[in-house]
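Enquirer: The residues making up each chain are set out below.
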Amino acid sequence: MSVYILSFVLFLVGLYGVITRRNLIKIVISLSIMEFSIFMILVLVGYIDNGLAPIVDPASGGQIYVDPLPQAMVLTAIVIGLATTSMLMAIAIRLYRKYKTFDIRELKNLRG
Amino acid sequence: MEGMSIIVKKVSQLLAGLIFVYGIYIILHGHLTPGGGFAGGAIIAGAFILLILANGSSALNLKKEISGSSNTESLAILMVVVLAMMSLAFGVKVFFSNFLPKGEPGELLSAGVIPLYNIFIGIEVAGAILTIFLALVIFKEESSK
Amino acid sequence: MELTISIILGFMIIGAIYALHAKDLLSAVIAMGIVGYGLVICFLLLKAPDLAIVQIVVETITLVIMVAVVLDSTRKEVEIKLDRRTIINILTGFVVFAGLFYFFILAIQNLDPLGAHSLRMSEAYVEGAVEKTGSVNLVTGVLFDFRAYDTLGEAVILYTAALGVLTLLRIKGKK
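Chains as they are written, first to last, in my numbering: chain A, 205 to 316; chain B, 3 to 147; chain C, 69 to 243.
Don't take each hint at face value.
Beta-carbon label-pair distances, calculated as ranges [as the list claims (entries may be wrong)]:
| no. | chain 1 | residue 1 | chain 2 | residue 2 | range |
| --- | --- | --- | --- | --- | --- |
| 1 | A | R301 | B | P103 | 54 to 62 Å |
| 2 | B | V23 | C | L159 | 52 to 60 Å |
| 3 | A | T288 | C | A184 | 29 to 37 Å |
| 4 | B | E144 | A | T288 | 20 to 28 Å |
| 5 | B | V96 | C | A184 | 52 to 60 Å |
| 6 | C | R238 | A | T288 | 15 to 23 Å |
| 7 | C | L236 | A | K312 | 30 to 38 Å |
| 8 | B | E144 | A | Q267 | 53 to 61 Å |
| 9 | A | T288 | B | M87 | 42 to 50 Å |
| 10 | C | T228 | B | L111 | 32 to 40 Å |
| 11 | B | E4 | C | I173 | 53 to 61 Å |
One-sided excerpt, in silico: chain A residues whose CB lies under 10 Å from chain B [said to hold, decoys possible]:
| no. | residue |
| --- | --- |
| 12 | I259 |
| 13 | P262 |
| 14 | G266 |
| 15 | I282 |
| 16 | I297 |
| 17 | R298 |
| 18 | L299 |
Simulated from the structure, these hints should not be mistaken for lab results. Note that CB positions come from ideal geometry on N, CA and C, so glycine has one too.
Whole structure, please, built from the sequences with the hints as guidance.
Expert: In C-alpha cells form, the structure reads like this:
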C-alpha cells in the first residue's frame, strides 16, 4: 500500500504548487508533477508479480502478462501531456512578452 | 539563435541520421517489439530538434519548414480517418475494423492494418511536435529582431 | 519490488519539492526532470517498456521547450511575501489536502495490493488477443484495435494543440 500513498503524496505536492505558487512556470511544473503521479498510480494498479512485459511469444503459452489496458491508457496520456505542456508554455511566453512578468497576481491587476 | 561549435555540428549531423533510422525501426516494428507510432514519432521529431539546436536557425528556411511540417501532420491525421473509413467499405462494416488478412503472428508483415495505423500516427506525432517546436523558434527569432 | 519503487518515489517527491521552492527558474525546470526520469525507471521496473520509451523521449522534448522558454524570458522567481492572502491560501490548501488524503485512504481499501492485480475488465483484451488482432505486442493491439477511438481522440488532441500553438504564436497582436 505504501507505493500508492507515496504516489498520492506526489500528487498533493503538485496540488500545493498550483495553489500557492504565483509564477506561471512554477504552475506549469506543478501540473506536470500531478500528471506524473497519476501515470504512476495507473501503472501500479496493472502490475502483476512475476508477470512478463505484454509482448506475447507465440511459441510458448501459459505465461502471465502484465495488464496491458492501463499501459495503453497511460501511453495516450503521456503524449497529451506533452501537447498541453507546450500549449501552456506558448501562453506563458506570449503573456511575458506583453506584460514583462510571470506573476499571476500582477497579471490579474493589469486586466483590461 | 546561432549554431554551436563545429564539433557539436559534426557530431549531431552524424548522430541525427542514426536516431532517424532508429525511429523508423521503432515505428515499423510497433506490433512486434516495444514501441509504436507514438514513441517512434517522438524519436523522429527529436532527431530534427537536435539538428536545429546544433546548427542554428539561420541554416534553414524556417517558414518553409513550418508549413511543410504542419501540412504533413494534417495529411497524416486525414489518412488515419480515411483508413478507418475504408473498413466501412471492405469486410465487416464496422468503423476501425481490421479488414486486411492477419497473417502469421510474429512476422513483420502481419496484424492487418495495425502497421499502417502505426506509420500514420507516427508521422502525425512527429509533425505535431516539430510544428510546436518550430513555432516557438520562429517566435523567438521575430521578437529578438 | 515495493521497497525499490518506494525509494525512487521518495527521490521524486524530494525533486518535486525542490522544483517548487527553487529561487532560479532554470534549476526548477531541471528539478522537474528528476521527477520525469524517475518515472522512466519506475516504468521499466513495472514491466512497461513501451511507456518507458515514450516517456524518456517526451520528457527530453518537454525539457528542451521549457529551458528555451525560461532562457528566452526571465530566470528570476517572483518573491513571495507572506501577506494575509498567501497564508489563507496555504491554510486552505492544507485543509483540502487532509480531506483528499482521508478519502484516498478510504478508496484504496478496496484496491488489490501491489502485484496481486486480478484481470477483471481486461481479461477480454488478453485472452486470445493475438488471434483477434494479429499483433504480438498487446499494448499496440489494445491501442489500435480494441480501443482505436481513444487513439483517434488522442491524435486529434495533439493536432488541436499544434494548431493552438500556431495560432497563439504566429498571429500579429495589436500594439
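Enquirer: Now, for every hint given, state plainly whether the structure supports it.
Expert: We went through each hint and held it up to the structure:
no. : hint                         : in the structure
1   : R301/A to P103/B: 54 to 62 Å : holds (55 Å)
2   : V23/B to L159/C: 52 to 60 Å  : holds (56 Å)
3   : T288/A to A184/C: 29 to 37 Å : holds (34 Å)
4   : E144/B to T288/A: 20 to 28 Å : holds (24 Å)
5   : V96/B to A184/C: 52 to 60 Å  : violated (36 Å)
6   : R238/C to T288/A: 15 to 23 Å : holds (19 Å)
7   : L236/C to K312/A: 30 to 38 Å : violated (20 Å)
8   : E144/B to Q267/A: 53 to 61 Å : holds (56 Å)
9   : T288/A to M87/B: 42 to 50 Å  : violated (29 Å)
10  : T228/C to L111/B: 32 to 40 Å : holds (34 Å)
11  : E4/B to I173/C: 53 to 61 Å   : holds (55 Å)
12  : I259                         : holds (7 Å)
13  : P262                         : holds (5 Å)
14  : G266                         : violated (16 Å)
15  : I282                         : holds (8 Å)
16  : I297                         : holds (7 Å)
17  : R298                         : holds (8 Å)
18  : L299                         : violated (13 Å)
Checked against the numbered hints given earlier, the structure breaks hints 5, 7, 9, 14 and 18 and satisfies all the rest.
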